[in-house]
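A.B. asks: Quick note, the sequences are listed as chains A and B, same order.
Letter 192 of the first sequence, counting from 1, is numbered 192 in my numbering, and no numbers are missing.
Letter 105 of the second sequence, counting from 1, is numbered 105 in my numbering, and no numbers are missing.
Hints were generated in silico from the structure; no laboratory data involved.
Treat the hints with caution; some may be incorrect.
Said to hold, decoys possible - With a cut-off of at most 30 Å between alpha-carbon atoms, the simulated DSSO-like pairs for lysine-lysine come out as follows:
{"id": "1", "chain 1": "A", "residue 1": "Lys94", "chain 2": "B", "residue 2": "Lys146"}
{"id": "2", "chain 1": "A", "residue 1": "Lys94", "chain 2": "B", "residue 2": "Lys50"}
{"id": "3", "chain 1": "A", "residue 1": "Lys70", "chain 2": "A", "residue 2": "Lys175"}
What the hints assert, rightly or not - Pulled a few chain B residues facing chain A out of the computed Cβ check, cut under 8 Å:
{"id": "4", "residue": "Leu97"}
{"id": "5", "residue": "Leu99"}
{"id": "6", "residue": "Ile118"}
{"id": "7", "residue": "Asn119"}
{"id": "8", "residue": "Ser123"}
{"id": "9", "residue": "Asn145"}
We treat Cβ as the ideally placed atom computed from N, Cα and C, and that holds for glycine.
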Amino acid sequence: MPNVFITGADRGLGLSLCKEYLNRGWRVFAGKYMEDFALLESLAHPALHVIKLDIGCMKSIAAAKEAVLKVTNSLDMIVSNAALMGDVNCELYKPPMDLEIPWDYFRINALGTIKLVETLLPIMDQGEMKRLCFVSSEAGSITLMKHRGAHPFPYSMSKAAMNMGVRMLHNQLYKDGYSFRIIHPGWMKFRKQDGNLEESGRFDPDYIGQWAAKYFETPRADEHRLAMVDYREYDWPF
Amino acid sequence: MIGHFRGDNMKNVLITGINSDFDNCLAKKFMAEGYDVFILEDGKTLGVEKLDFFIDTTDYVHENDGSSVREGVNWDAVEATFRNNPLKSMALLEAHLPLLDAGEEKRLFYLTQSRASINETESTTGYGYNMSKTALHMFIHLSRNKLAPLGYTFRVFDPLTGIVDAKAAAESAFTYITRRRGTDGDDGLRDDEDNLVIWDALGRKHSW
Ligand SMILES: NC(=O)c1ccc[n+]([C@@H]2O[C@H](COP(=O)([O-])OP(=O)(O)OC[C@H]3O[C@@H](n4cnc5c(N)ncnc54)[C@H](OP(=O)(O)O)[C@@H]3O)[C@@H](O)[C@H]2O)c1
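Make a model of the complete structure from these sequences and hints.
C.D. replies: Shown next, in the form of structure tokens:
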């Protein structure tokens, strides 16, 4: 039974990916962050292991590793999906900018993502597949930023920084047999506490989750190439 | 070196700090060319009504930022780097925007290294520097979207420290900062100012 570790699994794409991999016969370690959301637990599957995880906290990441080791010595895949999102007030001409806001975004979306991989690497080294998957965003594409007008700083900056971190992992780990996936999932509807979807947004996260689960696990002919793709598997520039 | 160095050129230059040989050579070059040069001093106001050139010399490298994920990244060094490279630069621009709005040139200069190009880097170490500068690159792009319609232009530069002599790099930077980039009459298709680019001290353009 292959093992996958998924972050930000309380709702949205993370939750959808948990369902997908359980259906595909994987053992799923699901990072739980939201105390008041019970959608993850309600999946009630014997191969589901819910693990408390705040990727912005080094201690929490270390504890998650210990929790995995109690069940298995090897992981096949990490899906780094958790992220801080939403509208924040951090713009020029609206002083004073609160710089703790972008710092939180960097800490969670960029540094936490890389720290998690670093921490789980010895367990991944024991796995067969050695696949590292990252949910990024076109909002982190520096090349395409010219189209975006005056967008708030923190989210885009954090996703660009994360993409750089993934590039550096790729520079080192590809030769160790690791393969990589980066996706831009598109504009997804948020899932509410009662399990229903909000109106705004284009895609049901279950639809994107179905595609992403397959894309993450299917071998590619060009594994050596680090690419950010969308649900049509079109390339997005960094 | 801190304080105000008066020149007879009517253009004001703010240099946010002298942290390297390159910064020092660049400040001296501006002085030698007769610019009015201000070098930031903690807690002191500039006593000036406008700024033309904004030279952000923030380019923080932490001595413990040299490990890979296999060796163990020093996350305190990474945090210290992020608190400088994008965050200090964000605060500096916000603080001086009113003076720059009042200036004529409205030209902003930032330092980077090509190893922080996500499309070019071969790095496996230096997570703090590379990731923080990538975040800065995004900050520059987003700022451009807001400020270019107000007449702002941008320069992003790799001085190639250790490869090109600091004085020579400062000469390259001075020319890059003070000259307008390729434009032919009013032909927008022949205007390079619209393209945000990284140039290095040898005149090479790098990918973001
Ligand atoms: N939704 C979109 O349109 C869209 C577009 C492009 C990219 N993306 C990316 O797609 C991924 C999933 O998005 P989604 O729409 O499924 O979002 P979501 O429903 O908000 O799911 C993300 C989950 O991560 C959690 N999280 C936040 N901070 C965390 C931390 N420090 N540690 C662990 N978990 C944390 C969130 O909790 P809280 O809600 O409490 O913060 C949330 O449960 C994200 O990486 C996002 O950046 C989304």
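A.B. asks: Mind listing which of the numbered hints don't hold for this structure, in increasing order?
C.D. replies: Going through the list in order, the structure violates hint 5 alone and respects the others.
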